[in-house]
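Trainee: Chain by chain, the residues:
There are 4 protein chains.
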Amino acid sequence: MSKIKVGVLGATGAVGQKFVKLLENHPWFEVTALAASDRSAGKPYAEAVPWKQNTPIPAAVKNKKVQPCVPELDCKIVFSGLDSSIAGEAEEAFARAGYAVLTNSKNHRMDRYVPLVIPEINHDHLRIIEKQQHESNWKGMIVANSNCSTMFLTMALAPLYRTFGVEKVMVTTMQAVSGAGYPGVPSLDILGNVVPFINDEEEKLEIEPQKICGDYVDGEIRYAPFVVSAHCNRVAVEDGHTECVSVKLARKASLDEVRSVLTLKSLPQELGLPSAPSDALIVCEQRDRPQPRFDVNTADGMATLVGRLRPCPILDYKFVALGHNTIRGAAGAAILNAELLKAQGYIG
Amino acid sequence: MSKIKVGVLGATGAVGQKFVKLLENHPWFEVTALAASDRSAGKPYAEAVPWKQNTPIPAAVKNKKVQPCVPELDCKIVFSGLDSSIAGEAEEAFARAGYAVLTNSKNHRMDRYVPLVIPEINHDHLRIIEKQQHESNWKGMIVANSNCSTMFLTMALAPLYRTFGVEKVMVTTMQAVSGAGYPGVPSLDILGNVVPFINDEEEKLEIEPQKICGDYVDGEIRYAPFVVSAHCNRVAVEDGHTECVSVKLARKASLDEVRSVLTLKSLPQELGLPSAPSDALIVCEQRDRPQPRFDVNTADGMATLVGRLRPCPILDYKFVALGHNTIRGAAGAAILNAELLKAQGYIG
Amino acid sequence: MSKIKVGVLGATGAVGQKFVKLLENHPWFEVTALAASDRSAGKPYAEAVPWKQNTPIPAAVKNKKVQPCVPELDCKIVFSGLDSSIAGEAEEAFARAGYAVLTNSKNHRMDRYVPLVIPEINHDHLRIIEKQQHESNWKGMIVANSNCSTMFLTMALAPLYRTFGVEKVMVTTMQAVSGAGYPGVPSLDILGNVVPFINDEEEKLEIEPQKICGDYVDGEIRYAPFVVSAHCNRVAVEDGHTECVSVKLARKASLDEVRSVLTLKSLPQELGLPSAPSDALIVCEQRDRPQPRFDVNTADGMATLVGRLRPCPILDYKFVALGHNTIRGAAGAAILNAELLKAQGYIG
Amino acid sequence: MSKIKVGVLGATGAVGQKFVKLLENHPWFEVTALAASDRSAGKPYAEAVPWKQNTPIPAAVKNKKVQPCVPELDCKIVFSGLDSSIAGEAEEAFARAGYAVLTNSKNHRMDRYVPLVIPEINHDHLRIIEKQQHESNWKGMIVANSNCSTMFLTMALAPLYRTFGVEKVMVTTMQAVSGAGYPGVPSLDILGNVVPFINDEEEKLEIEPQKICGDYVDGEIRYAPFVVSAHCNRVAVEDGHTECVSVKLARKASLDEVRSVLTLKSLPQELGLPSAPSDALIVCEQRDRPQPRFDVNTADGMATLVGRLRPCPILDYKFVALGHNTIRGAAGAAILNAELLKAQGYIG
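Residue numbers (the numbering used here), protein chains in the order written: chain G, 1 to 348; chain S, 1 to 348; chain P, 1 to 348; chain W, 1 to 348.
Please keep in mind that the hints were generated in silico from the structure rather than gathered at the bench. For glycine and all other residues, C-beta sits at the position ideal for the given N, C-alpha and C. Do not take every clue at face value.
As the list claims (entries may be wrong) - Label-pair distances were calculated between CB atoms; the ranges are:
{"#": "1", "chain 1": "G", "residue 1": "D200", "chain 2": "W", "residue 2": "S2", "range": "26 to 32 Å"}
{"#": "2", "chain 1": "P", "residue 1": "P56", "chain 2": "S", "residue 2": "I86", "range": "23 to 29 Å"}
{"#": "3", "chain 1": "G", "residue 1": "K265", "chain 2": "P", "residue 2": "Q133", "range": "55 to 61 Å"}
{"#": "4", "chain 1": "P", "residue 1": "P56", "chain 2": "G", "residue 2": "L271", "range": "24 to 30 Å"}
{"#": "5", "chain 1": "P", "residue 1": "K265", "chain 2": "G", "residue 2": "R310", "range": "50 to 56 Å"}
{"#": "6", "chain 1": "G", "residue 1": "G165", "chain 2": "P", "residue 2": "N199", "range": "23 to 29 Å"}
{"#": "7", "chain 1": "S", "residue 1": "P313", "chain 2": "P", "residue 2": "D83", "range": "34 to 40 Å"}
{"#": "8", "chain 1": "G", "residue 1": "D83", "chain 2": "P", "residue 2": "N199", "range": "28 to 34 Å"}
{"#": "9", "chain 1": "W", "residue 1": "D38", "chain 2": "S", "residue 2": "M1", "range": "55 to 61 Å"}
Input sequences plus hints: build the corresponding full structure.
Mentor: As structure tokens, then:
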């Protein structure tokens, strides 16, 4: 069986590199196009990219010429790691031209007819694609994954929301520097430091989970009705966002009941999607875990880890969540979405 | 005027060293005794101590012989940085023998008749000392300062509590490694990492603020009636605890009203205590401050800094607080308490 | 084919953990015994060990009972990660009792009849084992690997020594904290810091390479006649020792000639030993590499990387070397030695 | 006595900020002009500068308008922290217009008639200014300080050179991120890492010391005849360059003899220049010092610290040197040079 041709938009950036790395040896997809800014276009990839992965540039793309970000790439799917300053229009152009656009950028996430998908949670939101194509008159489509810090919070919340309902969520994040791209955070700002502010981050974290946990009803996504309050911080960690979460449930549940529902296996696991972890939510038993340094690569970085589940004196329960921000929180999420699209027949 | 003789218990430990450093050139106090474990006793201080300050060992104590922790020291006041495994009995022995014990250890903090004092907030709690001495039949006394993470939270809360009342407080801390003493946190545990657990820390943070903000009424401290929920984390920061706080007030207040009361000047400032900052609560205007690396030494490490005051979608307001955990959060706090005792006539 | 039973001495320590991790799924060896101090003996491994690897404890040993370090273990080979304070006698006892002891400890490295082996360089030194057994009247044997910082220096030097001869070597190391074990380096000593001293390290680095590069002649190891001068530093890196090396060759060679010999493939590669990298010496072409963060896991941590080869105005050439200190520099080295012993028929 | 008016070129950059900070409350100088790129010109300083010091912006300059870097500033002296891409021409323009230019940039350091000055070592090189002015037909002058890593090496070498002569110097540096300015080193490049390359750095370190240690003879600087070989590395340290040095002396000297000459007091100390430390070279006695985290601010960052003096098996002696790269290694050096110029009558 021949592989599906895929392209990477913003291929020289931090997220783009992660796409390239994760797609090496992918069983279904083959990288046939790399696109980036005009400054890089025309150069061999190895020359254009400030490669910052801990494995070498895949041989198959090392000498591939970087192309401009216009919809003339030889592929069916494009993964977008474009900067939000240009992602909006570029991604629309690709969708209009018939490409399936899997985007990690924020621009279209909250669009009415763009599904914001975590396959284990809301795979049925893909049904909105039909409406998207109809309203926009696009031959292709745009499917978004969430912001990285949203991802781990929502993966931990989803089972609680489905079983008990959720009313209120307080979350404080401690986010890795890789989340800011490259060059990203200057070392003078983060060595021996905590930066208690990340531009636009709290806004995303306070609204995206409700869309993801929402219901598809008659061509619309009805947002879940809970409220999120977020404090976002940058810390001196390379990879892995840690989140301290307190949650108020809609109906009372014992600690054991809550503990027992913390698992996340559904369609992606049933379909055996290549990037799906066997369980996307893993509970740590040690009292001081999860920790980014030791746990972030669990399940190849595709799971969310939860620990320290305990009562909260103000809301109902509190816990710690952790995930790999550039894998499950970015490139890996988009790839899993593409696998779901393929398995569900959305892609030729 | 001759200075008052003071001793340091646990003088070779991390907090003990900070006492020694901060007391160098103190206008009222003079270190005349250094006490530590039997292993150190008998050695010159410079030989016994693994000095980890960024200034040299004060010349006046460099060759002073370390003594055992028994109440035979040539001084009136003892500052205790003893480990909690031995602080309880040792401090009582000193109080019984007539010393004023200013303790940073947790052992006696919650004792019914031991004042837990932040001079700008509850200097009137010193009145409980009379009861303490009467009930215990001590000639001396024990006065405690709070846990480091309690300190900054409480200093930020106190003006809100007094003006508007406080009902609920959610706090997530990101605490410096110096808070764990020396050798303390192994580097393999914290480089590139967050440890989402600190033994006993959340328990302290959830109960100490209520005692400090409480009222002295007829020989008793009546605890303030608010509830605190804490998540405590260790991060790769040398000095400075950062805290993300959300608070529900007892009565409605506008952002401007809240902003306008964030100041902490009272008796210590009026008395001109040597270690008192001109204002113990400083509001940062930049949107990404306070930060430990740049702000922790503000006001010689004796102030709490607050920033990012904004509405909280769940409680009423949220903000970030920061303070120097081994100065205002430990040794500096005990010294300020001693200055208050002296100024109020509690020490001969 | 049934696997050879192996034990780990000091199994709860940092090096011991790495043995346990690297031996999981080993094609030839199976961990059947875990030994540690009396404090740990009798406990299940998972309970006794402060596990600090980024993968879980292997299921096969999780519940295995830790035994005392006495030669009554059910295995043929023991890998020793014992602390040097006790390794000397314990390892001899095992050798006397017939075990093949593969030691990472320093105690016996420089013993006259103990081979100090890097299989790609001096596999013929194993011939000294016959003399060792004869002189000591041991049924088993002791085979040592070098100190971690010695490993990478010597792997880079060996091809130069063999081809051109080496007269003088200046080396400055920047060593990872994992080299000091656990708890090892306190975080207060290394965050934002360089510690320009490691106890005993320079002494090892200045004498071990000469033994490894030496010749086996008539039952003796004749040391290579070059001189090494070392400066050793600890830096805030988790894994990977970086070394800046200047070398004076015995005979003149052009930069191209030097460059062309930088490869290290010999018997281990020919024999296809499971842990042998395809080339044990890898030259980086980028001008700012190798770097621990990006390169340390190259070839599963079993290769030494070299970069920045250039003329030295004082000696002849200078370059940077890097290797994984707890894999090729410790546990992986001992395992590779055991594989060599097995392949060469030294182990039943 | 009224203060001398001084300006800062490149005032918004990392070195420029340090000038502004160190000149606050200077007894002789007063900052009357701040100049920077066109992008900043016209804005109040507080708005133009990404202030990264751990003290607030001095009140006196907070609202001062930033001016373009053209020689129309209201001052006599300009301190230049300009980027080398523009420093060359800009500094000449100021010198031509009559300003005394104290530059930290590399552009003019090696110019034949520009003195490269460390006041404790080669204050007599100022005599070359006469030739500079004559040859260039400038009314003003350019006086340079060395590269930061050069500074500490040369301060440690100078007493050895003067007393025993020096033939060869091997140096490996471990340099702080603040040396690269702001934003400078991306955090993804340095967290848990060592970067064994700094552009152009080794070249500077291999030639500047010879000029500084050289002799002024008849209107020329005759370079000292020793050879330097340098390896330069970036490490995860905020402030402070650590250097491992091996040196071959021109004539034999005992360890005690070498130890006894390690002091650096001369004209700046005799003149009592405000920024001169009482001794510019301090020997640490502890076996693991100096260390940046604990020692970098010794003598207000204006001294070089030396430790671990011991024999070198290849050259004669080896030791560790440390200094504050943005104070003594940059802004503080230029200010001390200006003080020397003033005291020696070079400035009106």
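Trainee: Range first: 23 to 29 Å. Now tell me if the beta carbons of G/G165 and P/N199 are that far apart.
Mentor: The hinted range 23 to 29 Å is violated for G/G165 and P/N199, with Cβ atoms some 59 Å apart.
Trainee: Hint says 55 to 61 Å; check whether the CB-CB distance for G/K265 and P/Q133 agrees.
Mentor: Holds, since G/K265 and P/Q133 (Cβ atoms, about 57 Å apart) stay within the stated range.
Trainee: Could you tell me whether the CB distance from S/P313 to P/D83 stays inside 34 to 40 Å?
Mentor: violated (54 Å)
Trainee: Within 50 to 56 Å: is that where the Cβ-Cβ distance between P/K265 and G/R310 falls?
Mentor: At roughly 55 Å between Cβ atoms, G/R310 and P/K265 fall inside 50 to 56 Å, so the hint holds.
Trainee: Is the gap between the beta carbons of W/D38 and S/M1 within 55 to 61 Å?
Mentor: holds (60 Å)
Trainee: I want to verify a distance hint. Is the separation of the beta carbons of P/P56 and S/I86 within 23 to 29 Å?
Mentor: violated (38 Å)
Trainee: With 24 to 30 Å as the target window, see if P/P56 and G/L271 comply at their CB atoms.
Mentor: holds (26 Å)
Trainee: Given the hint of 28 to 34 Å, check if G/D83 and P/N199 actually sit that far apart at their C-beta atoms.
Mentor: The hint (28 to 34 Å, Cβ to Cβ) is violated, given that G/D83 and P/N199 are roughly 49 Å apart.
Trainee: A range of 26 to 32 Å was offered for this pair. Does it hold for the Cβ distance of G/D200 and W/S2?
Mentor: violated (50 Å)
The structure shown violates the earlier hints numbered 1, 2, 6, 7 and 8.
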